[in-house]
Amino acid sequence: MVKCSGIIRPPNRPFRKGIRPVVLWCPPPTGDLAEPPSLDLIYRTMVQNHEQTQRESRKMKAASRQLQLSIKKVVKSCQDIGVRIATMETRMEELEIEVKAATAQTTTQGQQISDIQWKLEDAENRQRRNNLRILGIAEDLEGQDTRAYIVSLFKQAFPDLNGWDWEKEIQRAHCFPLMKKKQALTATNRDQSYPRAIIVYFGNFLVTQAVFEKARPNSKVTVEGVSFFSRPDFAHATVERRWRLRQMIAQFQELGAEAYLLSPAHLKVVYKTTTSFFLSEIKAGEYVQQLKTGQVQGVREKGGEGLP
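Using the working numbering, count along the sequence shown one by one with no gaps and you end on 308.
There may be inaccurate statements among the hints.
[To be verified] Under the rule of at most 30 Å between Cα atoms (straight-line distance), these lysine-lysine pairs were calculated in the DSSO-like manner:
1. Lys268 <-> Lys119
2. Lys100 <-> Lys283
3. Lys220 <-> Lys155
4. Lys268 <-> Lys214
5. Lys283 <-> Lys268
Note that these hints are calculated values from the structure, not bench results. For clarity, every value in this text was computed on a predicted model and none was experimentally measured.
My request is simple: use the sequences and hints to build the entire structure.
The following block contains the structure:
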C-alpha cells in the first residue's frame, strides 16, 4: 500500500476553512507507474524458504528413519510370530498323532478289559456249573445240617432219578446269606415270606442238569407240603445282565419282534427273517432304535462264551 493525502469534501457541501486533511492508504500503482520489486527482499525470502524447506526435510528424514526402525521391529516380530506359529502347528500335529494313538490304545485296552471281564465271568460260571440254587424252602427247615436235609428231601422228591445215590452225588449244601434292603437276614430277623436260597453242589454236572430239568421255576416240586424249585448258580455279573436283558424283551415285542433269553445271559431276537444275538442291553437298545427307524441289520455281539 502507498501513503497518500488529500481533503475529502462531502458532496453538495461548501468547502470550509480549517478542515484538516485526511490521510489515506491507497493501493500501489500498477502498470507503468509501479515500482520494481527489491532483489534483496526476494533473495532473503528465497533463502528463508530454502532454510525452512531444509528444516522440514531433516525432520521428515528423521521421522522416516524412525518409521523404518519401527517397520524393522514389526517385521522381526512378525517373523518371530511366524516361527512360533509353525512350531505350534508342528506341536499340534504331534499332539494329534499322540491323541489318535492314545485313543486307539484306549479302545484296545477297553476291548482287552472287556474280554478279561467276559473270561472272568465265564470262568466263575464254569466254576459254579455244578451248583444249583434251591428256592422256596422255608427258613430253619434244614435245621443244623443243611446237607443232610437236602439229601433226605431229594430222596423223597427224586427216588428213581437214574438210580443216583444222593448221599454220594450231593457234595455240599449251605444257605446263601441273602441280603434284602441292605439288611443282613439273621436268625432273628429273617423275612419268612422270602426265605434264603440253599446252594447245593453236585459232584456230577449231569446230575445238576437232571435236577434242574425236574425242578424248573415253572414246574415246582412238592414233597410233604414243601414246594421248591431250582435255578442255576450263575455269577453275580451274569445275574444282573440277565435281569437287564429281560427288561428289553417287552420293547422288542412291542415292535413286532420275538425275543428269548438264553442261558446264561444271551438275548436272541428274531425279526422277520433276521436273527440277532446280544450280550448287553446297550447293543440291544441300539437295535431297538434300528427297528424303530426301519434300518434293520443282523447283529451278533461278540464276547463271552457259549453264544449260539
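Original post:
So which of the earlier hints does this model not fit?
Top reply: none
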